[in-house]
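Student: Here's the letter readout for the chains.
Number of protein chains: 2
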Amino acid sequence: MGKKKVVTAAGRHLAESAALVEAALREWLGSRPEVPERLRKAMEHSLMAGGKRLRPALVFAAAELVGGTREAALPGAMALEMIHTYSLIHDDLPAMDDDDLRRGKPTCHVAFGEATAILAGDGLLTDAFGVLATSGAEPARVRLAVRELAASAGAEGMVGGQQLDLDGEGGDPTVRAVEAIHEKKTAALLRAAVVVGSALGGGNEVEISALGRYGMALGLAFQVADDVLDATSTAKELGKSPGKDREQGKLTYVAAVGVEKARRRARALADEACEHLRVFGNRPAAKVLRELAALAVERKS
Amino acid sequence: MGKKKVVTAAGRHLAESAALVEAALREWLGSRPEVPERLRKAMEHSLMAGGKRLRPALVFAAAELVGGTREAALPGAMALEMIHTYSLIHDDLPAMDDDDLRRGKPTCHVAFGEATAILAGDGLLTDAFGVLATSGAEPARVRLAVRELAASAGAEGMVGGQQLDLDGEGGDPTVRAVEAIHEKKTAALLRAAVVVGSALGGGNEVEISALGRYGMALGLAFQVADDVLDATSTAKELGKSPGKDREQGKLTYVAAVGVEKARRRARALADEACEHLRVFGNRPAAKVLRELAALAVERKS
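Chains H and W are the protein sequences, given in the same order. Counting in my numbering, the final residue of the first sequence is number 1035, and the numbers go up one at a time with none missing. Counting in my numbering, the final residue of the second sequence is number 1035, and the numbers go up one at a time with none missing.
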């Protein structure tokens, strides 16, 4: 796959997805008069701070891949981005990873204080499920999406991954330990993005399941690439403080096998993700998902 | 209503509800091998610390009132208690109310550290929606329950109330400001308990709406009574540190109008709650809900 093409198709999809979900999130934030002002501002600070909007892009592409519309998938795209944003807010807290900088801006607790940052995260997490449940898809599909999102983000998923990440600090970075953290901390939510998208988009069991496997492999590829970026980038490139993984003794793929092997592993995982899309042949959305997998490991931030 | 009777019928319902939901929560905690051990222990520490289990009791009573079973309502009862527990864990954090004692035990962050306490709260909050979505009720009813729970617990509800509570510290305790906090911080989730219970239990719109009004009035009564308890109890009676509201300059009903007027207001709100149950006549579950309203303002802890 030529690099030019990767940038073209997936890049356009990312830009369109970001525009769609940001407009919807902005409207959502603006239509909640009952949210206390300081809380709304804190939620907005983190939710509208930019970022790749990879999860919404995955939700939309998965929905389109199974014949659904972006409109049907929109509540899912919003919910995924809200959950992702809450996780960044809480992970950045002083008691957790203690980061001051995120996407080139002060983190939520630096800008609004710890109490409001905790609440902004709680609010985004809770309301993600409310937004998801506004979907006009069949109620049984909405219920499936709620279960998937909760499973991937909860104590057995992302929250559990963050706990393993904290527990592991300073421990022995075996590939096995690192992958267990990556699966939960990052891959589960990327898996949820494509599962939620295809569920809301009208996919059948085989399609949803294939996309789930794609999402898990993509997620692992993405996190291994993240480990590489943390070890090799500057703060300017990254929009956040680099080198923190090593400083904090995190169990990363780079710590386990070094930068070069980690790069190769990320590429192999991206290839594996694409294998799971074979069942969809050459549909345009499958091409977008393949290119997103390539981008996940080629990105600079 | 005689005091003896209050203890008898509502007391039995509370005990049965607590036994049911505690058994279900214990089984749920024990059947999640993918939850990291430290996180599971922290969740268990707070979830199984006892307490009145008022919200599950409301869920069950509301379901029964509309002709549903406790079995159908159980995922709702579990979800409400999980959300309530997460809110206590996060409210107790040093950056929030900074409490060391809860239900006579060390708070979650004292026992497990701040990071794990934040994650235990996040996990319970997230998984509450996953548990709710396991309900065997019609999917459209589950979707309604998810929306209600998210609305009542999110940035326009409980999370927003906690923000107002923090923002208001040291401010002017007008009745209006205090009631705005109480509505969001406490009443919204009690309202959700009866709405979720009646939705899962098969209630029609009129029934769900009447129960929602009952829940809101009950919730306000409960919180005004809480303000009174904080001002008048000992730590032994309360199972947590009393007098903290005044110490922290919280906007409470007691600060606004004094203890005696607050007591009268709580009783009036409990009576108002009962008025909303008239549509249900003398069904046994209506009696339980009336007695729970009385208990909410007569309790000693």
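Don't read these hints as lab results, they were simulated from the structure. Because the structure is a prediction, the values reported are computed rather than measured. Fair warning: there could be bad hints in the mix.
[Claimed, not checked] Pairwise CB distance ranges, derived in the manner of DEER restraints:
1) W:GLY870 - H:ARG746: 51 to 61 Å
2) H:GLY847 - W:ARG766: 52 to 62 Å
3) W:GLY801 - H:ALA911: 46 to 56 Å
4) H:LYS775 - W:ALA911: 16 to 26 Å
5) H:THR968 - W:GLY838: 34 to 44 Å
6) H:VAL1013 - W:GLY745: 52 to 62 Å
7) H:ASP1005 - W:GLU761: 40 to 50 Å
8) H:ALA743 - W:GLY870: 18 to 28 Å
9) W:ARG766 - H:ALA911: 41 to 51 Å
10) W:LYS995 - H:GLU771: 26 to 36 Å
11) H:GLU768 - W:GLU903: 14 to 24 Å
12) W:ASP832 - H:GLY784: 29 to 39 Å
13) H:GLU768 - W:GLU750: 48 to 58 Å
[Stated by the list, open to error] Computed footprint of chain W on chain H; a stretch qualifies when at least three of its residues, placed anywhere within it, have a C-beta under 8 Å from a C-beta of chain W:
14) 773 to 781
15) 894 to 908
Backbone N, C-alpha and C define an ideal beta-carbon position, used for all residues, glycine too.
Student: What hint numbers does the structure not satisfy?
Tutor: Structure breaks hints 1, 2, 5, 8, 9 and 13.
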